[in-house]
Amino acid sequence: SKAQFKAKEDEELSPLDPNAKRYEGQCLLSLPEDINFLSPLRCFLRQNVCAFTASEKDIAIRTPTTFSVRVGQVGVGCVHCLSVEPKMRSNRAVCFPFTSARIYQSVADIQRFHLGECRMMPPDVRAEFLRLQ
1 SKAQFKAKED
11 EELSPLDPNA
21 KRYEGQCLLS
31 LPEDINFLSP
41 LRCFLRQNVC
51 AFTASEKDIA
61 IRTPTTFSVR
71 VGQVGVGCVH
81 CLSVEPKMRS
91 NRAVCFPFTS
101 ARIYQSVADI
111 QRFHLGECRM
121 MPPDVRAEFL
131 RLQ
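Using the working numbering, you'd call the opening residue of the sequence shown number 1 and step up by one each time.
Hints were generated in silico from the structure; no laboratory data involved. Here the structure is a predicted model, which means the values were calculated and not measured. Using N, Cα and C, we set each Cβ at its ideal position, and we do this for glycine too. Hints may be right or wrong, so weigh each one.
What the hints assert, rightly or not - What follows is a set of in silico ranges between Cβ atoms, one per label pair, in the way DEER data are often shown:
| no. | residue 1 | residue 2 | range |
| --- | --- | --- | --- |
| 1 | A60 | R102 | 16 to 24 Å |
| 2 | I61 | F98 | 17 to 25 Å |
| 3 | A101 | C27 | 14 to 22 Å |
Taking the hints into account, I'd like the entire structure generated from these sequences.
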């Protein structure tokens, strides 16, 4: 699928990297060729989890942790819940991995703690998830 990220021209840039571009939006993790290399469950996960950029609303409802989340930071989340107000999302609908190495674990957390109880997932998609488990 085509990425839905777009550069933000009017956002103030971080003092750490004045030349950095900022993006907003979301993008599925899946690729058309996944079916050739990944298990059916991994394909399903990549089709139902996307990368997205954190908004003020995403940050406002978070419980404080050791790692703070900033507006524009990349997170991974359930595609069925991202259109819902953050405070109305089921448990662990989104994660903000603090390193790229934590992306795999974040998707695994969404699989383990969220997808089975996701209130926004259509029944046919839930049946497929349960079949693949």
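Margin query: If you test the structure against every hint from before, which numbers come out violated?
Written below: none
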